[in-house]
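First to last, the sequence lines map onto chains A and B. Here the working numbering is used: the first residue of the first sequence is 45, the next is one more, and so on. Here the working numbering is used: the first residue of the second sequence is 45, the next is one more, and so on.
Incorrect hints may have been included.
Since the list gives no way to pick one copy over another, a pair counts as held whenever it fits inside one copy or between any two copies.
As the list claims (entries may be wrong) - Cross-link-like lysine-lysine pairs, in silico, DSS-like; alpha carbons within 30 Å at most: (1) Lys336 - Lys291; (2) Lys203 - Lys356; (3) Lys356 - Lys342; (4) Lys291 - Lys356; (5) Lys103 - Lys291; (6) Lys356 - Lys336; (7) Lys356 - Lys103; (8) Lys356 - Lys295; (9) Lys103 - Lys336.
Read the hints as simulated data drawn from the structure, not as lab findings. Only a predicted model underlies this, so the values are computations on that prediction, with no experimental measurement involved.
One-letter residues, chain by chain:
2 protein chains.
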Amino acid sequence: MSSTVVNSPLRRVAVAGGTHGNEMSGIYLVRHWMQDPTELHRGTVTASPFLANPRAVEKCVRYIDQDLNRSFTEEILASTDSDHDAHEVRHARQINQQYGPRGSVNAWDFVIDLHNTTANMGSTIIIMTPEDHLSMHLSHYLQSRCEDSSSPCRVIMVKEMIRDPISLITVGKHGIGLEVGPQPQGVVKADILTRMRTLVNCSLDFMDLFNQGAEFPAFEMEAFGVLERVDYPRNAAGEPQAVIHSKLQDKDFLPVNPGDPLFLMLNGEEILYDGESTIYPSFINEAAYYEKNVAFIKLQRLVFSVPAIRVKN
Amino acid sequence: MSSTVVNSPLRRVAVAGGTHGNEMSGIYLVRHWMQDPTELHRGTVTASPFLANPRAVEKCVRYIDQDLNRSFTEEILASTDSDHDAHEVRHARQINQQYGPRGSVNAWDFVIDLHNTTANMGSTIIIMTPEDHLSMHLSHYLQSRCEDSSSPCRVIMVKEMIRDPISLITVGKHGIGLEVGPQPQGVVKADILTRMRTLVNCSLDFMDLFNQGAEFPAFEMEAFGVLERVDYPRNAAGEPQAVIHSKLQDKDFLPVNPGDPLFLMLNGEEILYDGESTIYPSFINEAAYYEKNVAFIKLQRLVFSVPAIRVKN
C-alpha cells in the first residue's frame, strides 16, 4: 500500500492563453481576466493570467517565427539572447525567467496553458509525466466535476514520446495543457470557451481544496500515451493526395480496427488501416499539424496508479 | 408572359480554387484537377482549373497583402503595374488579363470560384446580380440536383450592397461563387470537399445541357439580399467583449426575431436582438471577418422572377 505524497501548497499559479496566437478561447478568456481577475480568486490562491505570445495574438497566427510551444528546450533556455534569435526563442527565455526558471525553487507552482484544436477532442488534458502526481489528481478532479457525454475529459501523457521538455508548462513546478475542441483557428465558439472556462475554474477549486488540507485518495487513471505520428498519403512531389476519411473525422480517442477507413484519396479510393492491432487516433485533422506532416497522432491506452496526495503542513 | 432569353454557348469555363489561400476544399480539388482534369470534361465544354493566389496557398493564409477577392475594382484593373503594388493588386490584373478582360467580348464565358467558410452555410451560391440569368438558372439547377436536408443550397445576391464589382467572378461574362461550410481555415474535411465537388460537377452538367440546346423554363427563385454587416460589441479600446451566442452559432439563414440572443458577453450577460423585424444572419462567426469587424451579415429574403433561357443557335 503506497503512502501519501505531500506537496507544498500552490501559491503562484499562472494561466496562459495565446501560446498559439490563433487559438481563440484562451485568448478571449485571458484578455477578459486581465481586465477583471475576480473569477480567478480563491481563498488560498489567485491565478495570474497572461498572454504568452502577444505578437502572434495580434496577427492571429500560430507563431511569428517558430512554434513557441516547441521552444522551451534546454538548449534555448540555457543560451543568452542574440540578435539573430527567432521571436519565440527570445520569448521562451522571457517566460522562463518570469514563471521559472524551470527546475528551480523559484519556479511558479502551477502553470495552466490554454489551447484549442480543430479536432473533436472534447476537453483533453495534457500531462508531461505520471510523476507529476498533483497534475494527475487535478485531472482526476476535472474528470469527476466537468465531464459529460458531450465533452469527455481525457488525459494524454506525452512523456513516452517527447523525452526532452519543449513546452511552456514545463517552466512551472507542475502544469497541464488544456486542449479544447473542436474550434477553428481564428474563431471563438461560445460553447468551447464556456467549457474551457469551467475547466479553469474547476482547477482553481481543486487547488484551493488542496491548499486547505483536503486529502485526495489514491486511484487508478486511464490515460493515453503518444505512440507515433501518422502523415497524409503523398505523391512523389510530396503533395498530399488524400484527406481524412469522413468515417474517421471527429472520432478522436475512439478505437480504429484493422480494415477501418483512414483516408479518402482525391481519386476516390479509400485507404484502410492495415495494422494488426487497435489504435486510438487523436488530433485528427488538426489545422496546425498540416505543416508538421501529421494527419493524426496514434495513442495507446495506459493505466497509471496514482498515490494519495495532501498538502505539506 | 416573358419571352425566352438566349445566350451564347458556354465554351471557356474556369474553376478557381485558392482565391483565399487557406480555404482548403477548393485548393485540394483544383490541385487534383490540374493533375487529372478528366472529371471536368463534358461533351460540349471542358472547365479549366486554376489556383487564383498560389503564394497565399503556399503560405496557407487568406492573402499576402490584401484580400484578392476585394481587389477586382475598376481602379485597380484600369491601372498599370507599379513597383509598389500589393501582391494581390498585381495578381488581380493578371487574372483579369487571362480570364477577362472584364466586360470585353474576350472575357471567358463562366467563372466558378470555390470558397469555404467557417460558418454553417451549407452549400451557398453567391450571385452578383439577378440580371445574370444564366447563373440564376445554374443555381436553380444546383438546388434541384444537389440539395438535401443536411446541405441546403441557398443563393445570396450581393448586388444590393456592393454596387461596384470587386470579386474574381466579375472577370467572366457569368460567374458564381460557391461558399461551402462549415470548414475551419487550413483544414480540408472530406464531407465538405465532396459536397463542393458535386456542385462543380453538377454545374458542368448544366452547362453541357444548355450548350446542347435544352430550354430551361422560367421560374421564381428565393434569394437572400445583403442588408448590412453587424459588428461584435466592443469596449472603448475597440476590443471585442462578446462572442456569438451559442443559440445563434450555426443558425445561418434561419430567422432571428426580436428578443432572440445574439451575443454572449465575457462577463456572462446576453445581448438580445432589439430590432423590430425578423432578420436572417449569414456568415455567422466567419474567421476571416474578425479583422473586418463583422460578426455576421444580415440578409433579407427576396424573390426574383427569372425568364426562360436557351442557347443562341
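Verification of the hints:
no. : hint            : result
1   : Lys336 - Lys291 : within (23 Å within a copy, 35 Å between copies)
2   : Lys203 - Lys356 : within (26 Å within a copy, 70 Å between copies)
3   : Lys356 - Lys342 : neither (38 Å within a copy, 59 Å between copies)
4   : Lys291 - Lys356 : neither (49 Å within a copy, 46 Å between copies)
5   : Lys103 - Lys291 : between (34 Å within a copy, 29 Å between copies)
6   : Lys356 - Lys336 : neither (43 Å within a copy, 53 Å between copies)
7   : Lys356 - Lys103 : neither (44 Å within a copy, 51 Å between copies)
8   : Lys356 - Lys295 : neither (42 Å within a copy, 52 Å between copies)
9   : Lys103 - Lys336 : both (21 Å within a copy, 13 Å between copies)
In terms of the numbered hints stated before, the structure departs from hints 3, 4, 6, 7, 8, listed from lowest to highest.
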